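Peer 1: With the sequences and hints as input, model every part of the structure.
If you read the sequences in order, they're chains D and P.
So the first sequence is numbered by the working numbering: it starts at 1 and just counts up by one.
So the second sequence is numbered by the working numbering: it starts at 1 and just counts up by one.
Think of the hints as simulated: they come from the structure by calculation, not from any bench.
Any given hint could be a false lead.
Identical chains blur together in the list; that is why a pair holds if it fits in one copy or across any two.
Quick list of in silico lysine to aspartate or glutamate cross-link-like pairs, EDC-like style, CA-CA up to 16 Å [said to hold, decoys possible]:
| no. | residue 1 | residue 2 |
| --- | --- | --- |
| 1 | Lys408 | Glu40 |
| 2 | Lys508 | Glu387 |
| 3 | Lys374 | Glu40 |
| 4 | Lys318 | Glu403 |
| 5 | Lys318 | Asp402 |
| 6 | Lys408 | Glu320 |
As the structure is a prediction and not an experimental result, all values here were calculated from the model.
Protein chains: 2
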Amino acid sequence: MKLRLVLISFLSSLFAYQVFAQSSPAASAARAYRQAHEHEIIEEFVNLLSIPNVASDTPNIRRNAEAVSRMLERRGVKTRLLESAEAPPVVYGEINAPGAMRTLIFYAHYDGQPIEPAKWTGGDPFKPTLRSASLEAGGKDIPFPSRGQKFDPEWRLYARSTGDDKAPIIAICAALDAMREKGIAPASNIKFFFEGEEEAGSPHLEKIVEKYRDLLKADAWLICDGPVDQTRRPQIYFGARGVTGLEITVYGPRRELHSGHYGNWAPNPAMMLAKLLASMKDDDGRVLIKDYYDGVEALTETEKRAFAEAPDNDALLKRELGLGWSEGAGKKLIELINLPSLNIRGFLSSSVGATARNVVPSTATASIDIRLVKGLDHVKAVDRVIEHIRAQGYHVVETEPDEATRLKYPKIAKVIRQGGYNASKTSMDLPISRDIVAAVEIARGKVIRMPTLGGSVPLYIFTDNLKTPCIGIPIANHDNNQHSANENIRLQNLWDGIETMAALLTMK
Amino acid sequence: MKLRLVLISFLSSLFAYQVFAQSSPAASAARAYRQAHEHEIIEEFVNLLSIPNVASDTPNIRRNAEAVSRMLERRGVKTRLLESAEAPPVVYGEINAPGAMRTLIFYAHYDGQPIEPAKWTGGDPFKPTLRSASLEAGGKDIPFPSRGQKFDPEWRLYARSTGDDKAPIIAICAALDAMREKGIAPASNIKFFFEGEEEAGSPHLEKIVEKYRDLLKADAWLICDGPVDQTRRPQIYFGARGVTGLEITVYGPRRELHSGHYGNWAPNPAMMLAKLLASMKDDDGRVLIKDYYDGVEALTETEKRAFAEAPDNDALLKRELGLGWSEGAGKKLIELINLPSLNIRGFLSSSVGATARNVVPSTATASIDIRLVKGLDHVKAVDRVIEHIRAQGYHVVETEPDEATRLKYPKIAKVIRQGGYNASKTSMDLPISRDIVAAVEIARGKVIRMPTLGGSVPLYIFTDNLKTPCIGIPIANHDNNQHSANENIRLQNLWDGIETMAALLTMK
Numbered sequence: 001m002k003l004r005l006v007l008i009s010f011l012s013s014l015f016a017y018q019v020f021a022q023s024s025p026a027a028s029a030a031r032a033y034r035q036a037h038e039h040e041i042i043e044e045f046v047n048l049l050s051i052p053n054v055a056s057d058t059p060n061i062r063r064n065a066e067a068v069s070r071m072l073e074r075r076g077v078k079t080r081l082l083e084s085a086e087a088p089p090v091v092y093g094e095i096n097a098p099g100a101m102r103t104l105i106f107y108a109h110y111d112g113q114p115i116e117p118a119k120w121t122g123g124d125p126f127k128p129t130l131r132s133a134s135l136e137a138g139g140k141d142i143p144f145p146s147r148g149q150k151f152d153p154e155w156r157l158y159a160r161s162t163g164d165d166k167a168p169i170i171a172i173c174a175a176l177d178a179m180r181e182k183g184i185a186p187a188s189n190i191k192f193f194f195e196g197e198e199e200a201g202s203p204h205l206e207k208i209v210e211k212y213r214d215l216l217k218a219d220a221w222l223i224c225d226g227p228v229d230q231t232r233r234p235q236i237y238f239g240a241r242g243v244t245g246l247e248i249t250v251y252g253p254r255r256e257l258h259s260g261h262y263g264n265w266a267p268n269p270a271m272m273l274a275k276l277l278a279s280m281k282d283d284d285g286r287v288l289i290k291d292y293y294d295g296v297e298a299l300t301e302t303e304k305r306a307f308a309e310a311p312d313n314d315a316l317l318k319r320e321l322g323l324g325w326s327e328g329a330g331k332k333l334i335e336l337i338n339l340p341s342l343n344i345r346g347f348l349s350s351s352v353g354a355t356a357r358n359v360v361p362s363t364a365t366a367s368i369d370i371r372l373v374k375g376l377d378h379v380k381a382v383d384r385v386i387e388h389i390r391a392q393g394y395h396v397v398e399t400e401p402d403e404a405t406r407l408k409y410p411k412i413a414k415v416i417r418q419g420g421y422n423a424s425k426t427s428m429d430l431p432i433s434r435d436i437v438a439a440v441e442i443a444r445g446k447v448i449r450m451p452t453l454g455g456s457v458p459l460y461i462f463t464d465n466l467k468t469p470c471i472g473i474p475i476a477n478h479d480n481n482q483h484s485a486n487e488n489i490r491l492q493n494l495w496d497g498i499e500t501m502a503a504l505l506t507m508k
Numbered sequence: 001m002k003l004r005l006v007l008i009s010f011l012s013s014l015f016a017y018q019v020f021a022q023s024s025p026a027a028s029a030a031r032a033y034r035q036a037h038e039h040e041i042i043e044e045f046v047n048l049l050s051i052p053n054v055a056s057d058t059p060n061i062r063r064n065a066e067a068v069s070r071m072l073e074r075r076g077v078k079t080r081l082l083e084s085a086e087a088p089p090v091v092y093g094e095i096n097a098p099g100a101m102r103t104l105i106f107y108a109h110y111d112g113q114p115i116e117p118a119k120w121t122g123g124d125p126f127k128p129t130l131r132s133a134s135l136e137a138g139g140k141d142i143p144f145p146s147r148g149q150k151f152d153p154e155w156r157l158y159a160r161s162t163g164d165d166k167a168p169i170i171a172i173c174a175a176l177d178a179m180r181e182k183g184i185a186p187a188s189n190i191k192f193f194f195e196g197e198e199e200a201g202s203p204h205l206e207k208i209v210e211k212y213r214d215l216l217k218a219d220a221w222l223i224c225d226g227p228v229d230q231t232r233r234p235q236i237y238f239g240a241r242g243v244t245g246l247e248i249t250v251y252g253p254r255r256e257l258h259s260g261h262y263g264n265w266a267p268n269p270a271m272m273l274a275k276l277l278a279s280m281k282d283d284d285g286r287v288l289i290k291d292y293y294d295g296v297e298a299l300t301e302t303e304k305r306a307f308a309e310a311p312d313n314d315a316l317l318k319r320e321l322g323l324g325w326s327e328g329a330g331k332k333l334i335e336l337i338n339l340p341s342l343n344i345r346g347f348l349s350s351s352v353g354a355t356a357r358n359v360v361p362s363t364a365t366a367s368i369d370i371r372l373v374k375g376l377d378h379v380k381a382v383d384r385v386i387e388h389i390r391a392q393g394y395h396v397v398e399t400e401p402d403e404a405t406r407l408k409y410p411k412i413a414k415v416i417r418q419g420g421y422n423a424s425k426t427s428m429d430l431p432i433s434r435d436i437v438a439a440v441e442i443a444r445g446k447v448i449r450m451p452t453l454g455g456s457v458p459l460y461i462f463t464d465n466l467k468t469p470c471i472g473i474p475i476a477n478h479d480n481n482q483h484s485a486n487e488n489i490r491l492q493n494l495w496d497g498i499e500t501m502a503a504l505l506t507m508k
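Peer 2: Okay, here's the thing in structure tokens:
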């Protein structure tokens with residue numbers, strides 16, 4: 001009889017987080033508070049989302065920082081803006097917990113990816129819109145419910161940075177409200193570090209962290225960024241891929257030419273670039289650039305185990321994304337993100353569609369991003385791509401080629417290197433790693449442990465520079481269109497996020 | 001002594017058209033008239049260029065037709081609009097020459113290529129702007145000179161259709177004015193046929209010509225379209241390449257995906273399309289599509305001779321265009337345009353530059369135009385490309401693929417076929433062909449005879465349907481940026497064009 005109960009309890013811990021949510025007082029408080037205050041939470045979120053937040057938009061970025069500061073201060077958090085020349089300010093905050101044995105620092109970013117309003121349904125990425133479901137699933141615009149009415153947890157809120165990455169900021173604020181209402185104090189000293197240029201590649205982050213090194217001492221950085229698993233189960237990651245990129249422009253005639261009078265004589269830069277890019281990967285998506293995979297570190301046994309335990313979502317994902325195949329010669333997504341990537345994020349030469357003209361284009365440009373794993377260096381990765389371009393017969397330049405250069409070299413590629421950073425990893429076997437997993441599991445049920453996130457956050461600054469473990473706790477739905485038009489958050493993900501944040505703020 | 005005079009006269013005929021211009025009374029009259037009336041000619045041109053003329057812009061296209069009609073009527077030409085359902089009207093006109101042995105019909109088009117105002121210096125393709133030289137040569141905006149001042153013949157007038165193809169309409173009008181002033185009548189019955197959808201591929205031209213077959217009886221069509229040789233010497237062509245095209249869209253994930261979380265797993269449509277396009281041509285620009293060159297007719301001996309006599313402008317052109325190489329494995333431009341082409345006129349997938357985002361794009365689209373020579377069929381040419389796409393493993397569809405199709409086929413290409421027409425040629429050895437060359441040479445000096453124009457005009461309608469010889473007499477400068485932003489005409493080309501038109505209108 002007793003054994004049977006234990007078994008039921010064990011199964012519940014695996015599949016029914018509701019049972020366990022009750023056993024985390026802070027998570028329970030968060031749920032009760034949220035159920036009673038959904039309108040206030042969404043209202044505060046809408047206000048924050050309405051402030052445009054592209055990192056290069058300096059006045060608005062500062063408005064965001066000030067708004068986030070005020071939000072923390074209203075919760076009794078001691079805040080300040082960490083400034084560094086030309087960088088968007090970091091919103092820093094502190095809550096001291098007398099007698100606490102640990103210090104946890106929560107990372108998020110309040111800036112968002114660049115926008116193309118014309119691609120957004122409704123046309124304005126900074127006018128939050130509530131929809132009955134995802135647009136892909138036929139979701140329709142719905143008015144914000146009035147005070148007496150409930151929010152359906154499957155509704156989605158659309159705006160830039162709903163998912164990436166203002167949601168965790170709102171979730172933390174709501175969790176703090178819930179804890180205050182119930183008189184629950186944080187169990188660790190808490191610090192907040194919300195940056196404003198993550199989507200621009202965090203060019204100043206390293207300097208800022210170095211400048212405020214003493215202020216930022218902690219036992220772990222908790223990275224509140226990225227999406228949860230495609231099954232919607234909670235997920236924790238212990239590393240992130242590094243990132244870099246480059247933009248390649250190849251040259252045809254100095255001006256666009258009539259394709260009848262000059263077609264098949266004047267070199268076509270779109271064709272040249274197509275050939276150049278085609279030489280970089282095989283049909284399965286494996287990168288053909290010399291030494292591209294050299295140095296990739298092998299996975300540890302624990303990582304392999306976590307990896308094997310993770311659900312296989314590939315078939316589900318392909319259906320959702322309308323894909324009849326995937327790259328990687330049959331390897332699964334969770335395996336493939338442990339390898340470096342080379343991705344064409346954009347390609348442009350002259351025009352297509354209604355504005356296409358019968359011309360030989362003058363230039364063709366491809367923008368490429370590269371994701372890196374442990375053991376690879378971001379500068380060297382771009383070097384290898386450039387070497388490959390040279391090996392295809394190109395003269396590589398860094399600025400627009402002058403007349404003499406154009407006439408001297410048959411094939412010219414202008415390569416603009418982008419900034420970047422290396423991958424990072426924290427051991428899954430550290431006590432803090434295990435404690436964080438346990439805290440989230442008590443609140444939300446079994447989590448999926450990911451050796452690395454496919455996406456990039458500059459965790460090396462914390463793990464390698466500050467020598468501090470760094471663990472990622474995402475809350476956004478995977479289908480949040482982050483980085484694209486029509487970014488959104490599924491409300492249930494936000495609600496769950498509030499409980500997760502409450503559990504972490506109070507973990508022993 | 002006499003022999004010496006003949007020799008001098010012969011050399012002059014080759015190199016100094018000024019001497020001979022004096023011996024064509026109409027061309028001389030045209031020059032004198034133009035020198036006295038440059039302001040009026042440019043003013044009328046500016047008025048015509050100010051009317052937007054993209055073929056799909058129905059109200060403005062009609063305004064163009066009416067303006068051109070009025071211009072002809074002011075010169076005593078009996079005009080009417082030839083209408084056909086949904087087609088821009090053709091401006092038709094007639095001048096009867098009592099006792100004339102021949103009827104000549106002058107073709108031009110009053111519509112222009114689609115526009116992208118942002119790419120135009122000054123931003124408005126329909127606001128004619130005078131510049132001191134070509135923009136590429138550092139030309140600056142200059143005000144239109146006041147009545148007392150002269151126009152420098154090296155100045156350029158910028159606007160859509162300055163070169164392609166409103167200039168011949170203005171040149172004909174000025175030539176008629178000049179002839180009237182001097183009491184010179186046309187020596188042939190003259191007809192004018194100015195169409196309004198050439199840049200849209202002349203989809204209704206064949207039907208209109210059929211409908212008005214009797215009205216359009218003539219001994220030759222004179223096609224006043226296209227640019228002169230790069231040396232600026234006058235040029236006459238006896239054929240034109242046919243044209244067709246297609247737009248190819250390949251598919252990645254249904255929505256753009258975060259390139260970190262899905263990069264190297266989700267198929268990248270830009271890479272897929274790059275590989276597909278790269279498979280179509282070798283590094284020298286030769287098309288690798290099966291049977292692509294099958295059926296190309298051999299050149300005649302006369303054509304080969306004309307071809308050998310033509311100047312070799314390749315080195316000059318490469319310098320002008322900033323090209324370190326050309327396609328065709330060393331073959332010259334004048335040779336290569338006697339082969340079919342396959343040209344990528346545009347490629348677009350997501351974004352590059354400041355709006356590039358770290359995504360796996362959802363689609364990639366390439367717009368391709370194909371030029372055809374005698375012996376090839378435009379429908380079959382596209383068939384061959386589609387067969388090639390299939391041979392690369394693609395499932396080819398004509399409309400957006402539905403969900404079942406997306407999941408069933410790993411690689412899907414949507415192919416939108418464009419309309420088109422076949423190439424055309426007229427024998428250089430016909431009496432009318434020789435007479436026209438002679439008439440232009442008397443006015444303007446030795447002409448370059450081209451077996452075919454690289455560009456396309458739907459001459460097959462006249463040569464194949466109406467069984468009428470068809471000869472092209474272009475006047476625009478080769479560097480007129482036709483089909484692109486910053487289209488322009490060099491004033492000397494317009495001045496020369498007036499003399500050429502006067503010579504043709506009065507040829508015996």
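Peer 1: When the structure is checked against the list of hints, which entries are broken? Sort them ascending.
Peer 2: 1, 2, 3
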